[in-house]
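Q: Each chain is listed here by its residues.
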Amino acid sequence: MSDIARALIKETIETNDVVLYMKGTSSMPQCGFSSRIAGVLNFIDLEWKDVNVLADEEIRQGIKDFSDWPTIPQLYVKGEFVGGCDIITDMMISGDLDTLLEENNVSFNKEAANKVREANT
Amino acid sequence: MAIEAQVIKDLIIEAFPDADIVVDGADGVHMSAIISAYEFAGKSMIAQHRMVFAALKGKMDGPNGELHALALTTKIKA
Numbered sequence: 060m061s062d063i064a065r066a067l068i069k070e071t072i073e074t075n076d077v078v079l080y081m082k083g084t085s086s087m088p089q090c091g092f093s094s095r096i097a098g099v100l101n102f103i104d105l106e107w108k109d110v111n112v113l114a115d116e117e118i119r120q121g122i123k124d125f126s127d128w129p130t131i132p133q134l135y136v137k138g139e140f141v142g143g144c145d146i147i148t149d150m151m152i153s154g155d156l157d158t159l160l161e162e163n164n165v166s167f168n169k170e171a172a173n174k175v176r177e178a179n180t
Numbered sequence: 351m352a353i354e355a356q357v358i359k360d361l362i363i364e365a366f367p368d369a370d371i372v373v374d375g376a377d378g379v380h381m382s383a384i385i386s387a388y389e390f391a392g393k394s395m396i397a398q399h400r401m402v403f404a405a406l407k408g409k410m411d412g413p414n415g416e417l418h419a420l421a422l423t424t425k426i427k428a
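In order, the protein sequence lines correspond to chains A and B. In the numbering used here, each residue carries its 1-based index in the first sequence increased by 59. In the numbering used here, each residue carries its 1-based index in the second sequence increased by 350.
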């Protein structure tokens, strides 16, 4: 991975509380897995930055090397890699995502988060 | 394309010889795997998934990443 890609990734995840590296954009996801996570983040009124890896091949490969994680989407909270689609879905259902956001005082709509859980159990 | 599921299963068995493994998906691109292994004990979910990706030896991503998506469920085998 080039130093430029690494520096850009580092800067993005350090200057935005919540970043989702995804295929497509928040309003126009282009892959089912990215769409599912983008949908959840939007539903719980989270403020987050989308990075479309399809727009930059270096970032697409770079982010996988950066986190040692081979798939997209990838969620970062306060500069830390949290997980991919499976893990975020699981954390949403278990409530671990709420805890992580609260611990990092990232605001979100708790009621909406509870609705997601009700709809999935 | 069912062979793709067997290829995945063989790679996982190689890394987790005593695991219980179920691999589904027929299109060879969007697959799912449920793996219950002793080796996951004490590991975070991210660490468990990383172990599985390592076992798949690059089949998951990169230019020759045949496997576009693997829905992964890992459990600690008791």
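Honestly, I wouldn't trust all of these hints.
If the Cβ cut is set under 7 Å, some of the chain A residues that face chain B in the computed set are [what the hints assert, rightly or not]:
id, residue
1, Pro-129
2, Ile-146
3, Glu-161
4, Ala-172
Far from chain A by the CB rule (all over 12 Å, computed), these chain B residues [unchecked claim]:
id, residue
5, Val-357
6, Asp-360
7, Ile-362
8, Ala-365
9, Ile-371
10, Val-372
11, Val-373
12, Asp-374
13, Glu-389
14, Ala-391
15, Arg-400
16, Ala-419
In case anyone wonders, no lab produced these hints; they're calculated from the structure. All values reported here derive from a predicted model rather than from experimental measurement. Every residue, glycine too, gets a C-beta built ideally from N, C-alpha and C.
Q: Now, for every hint given, state plainly whether the structure supports it.
A: Status of each hint after checking the structure:
Proximity of Pro-129 (chain A) to chain B holds as hinted, the smallest CB-CB distance being about 4 Å (cut-off 7 Å). Interface restraint check for Ile-146 (chain A): the shortest CB-CB distance to chain B comes to about 5 Å, inside 7 Å, so the restraint holds. With its C-beta approaching chain B no nearer than about 19 Å, Glu-161 (chain A) sits outside the 7 Å limit, and its interface hint is violated. Interface hint at Ala-172 (chain A): violated, since its Cβ lies 19 Å from the closest Cβ of chain B, which is beyond the 7 Å cut-off.
Every C-beta of chain A lies more than 12 Å from that of Val-357 (chain B), the closest at about 16 Å, which supports listing it as non-interface. Asp-360 (chain B), annotated as away from the interface, keeps every beta carbon of chain A farther than 12 Å; the closest lies near 19 Å. The non-interface label for Ile-362 (chain B) is consistent with chain A: the shortest C-beta to C-beta separation is roughly 15 Å, beyond 12 Å. No beta-carbon of chain A comes within 12 Å of the beta-carbon of Ala-365 (chain B); the shortest separation is about 15 Å.
Interface exclusion of Ile-371 (chain B) from chain A stands, the closest Cβ pair being 16 Å apart, more than 12 Å. Remark: the non-interface label on Val-372 (chain B) is consistent with the geometry, its nearest Cβ contact in chain A lying 15 Å away (cut-off 12 Å). Interface exclusion of Val-373 (chain B) from chain A stands, the closest Cβ pair being 15 Å apart, more than 12 Å. Residue-level check passed: Asp-374 (chain B) sits 14 Å from the nearest beta carbon of chain A, beyond 12 Å.
For Glu-389 (chain B), the requirement that its beta carbon stay farther than 12 Å from each beta carbon of chain A is met, with the minimum near 18 Å. Residue placement check: Ala-391 (chain B) keeps its beta carbon more than 12 Å from all beta carbons of chain A (closest about 18 Å). With a cut of 12 Å on Cβ distances, Arg-400 (chain B) falls inside the contact zone with chain A, its closest approach being about 7 Å. With a least CB separation of 6 Å from chain A, Ala-419 (chain B) falls inside the 12 Å interface cut-off, contrary to its annotation.
When the structure is compared with the earlier hints, violations turn up for hints 3, 4, 15 and 16 and for no others.
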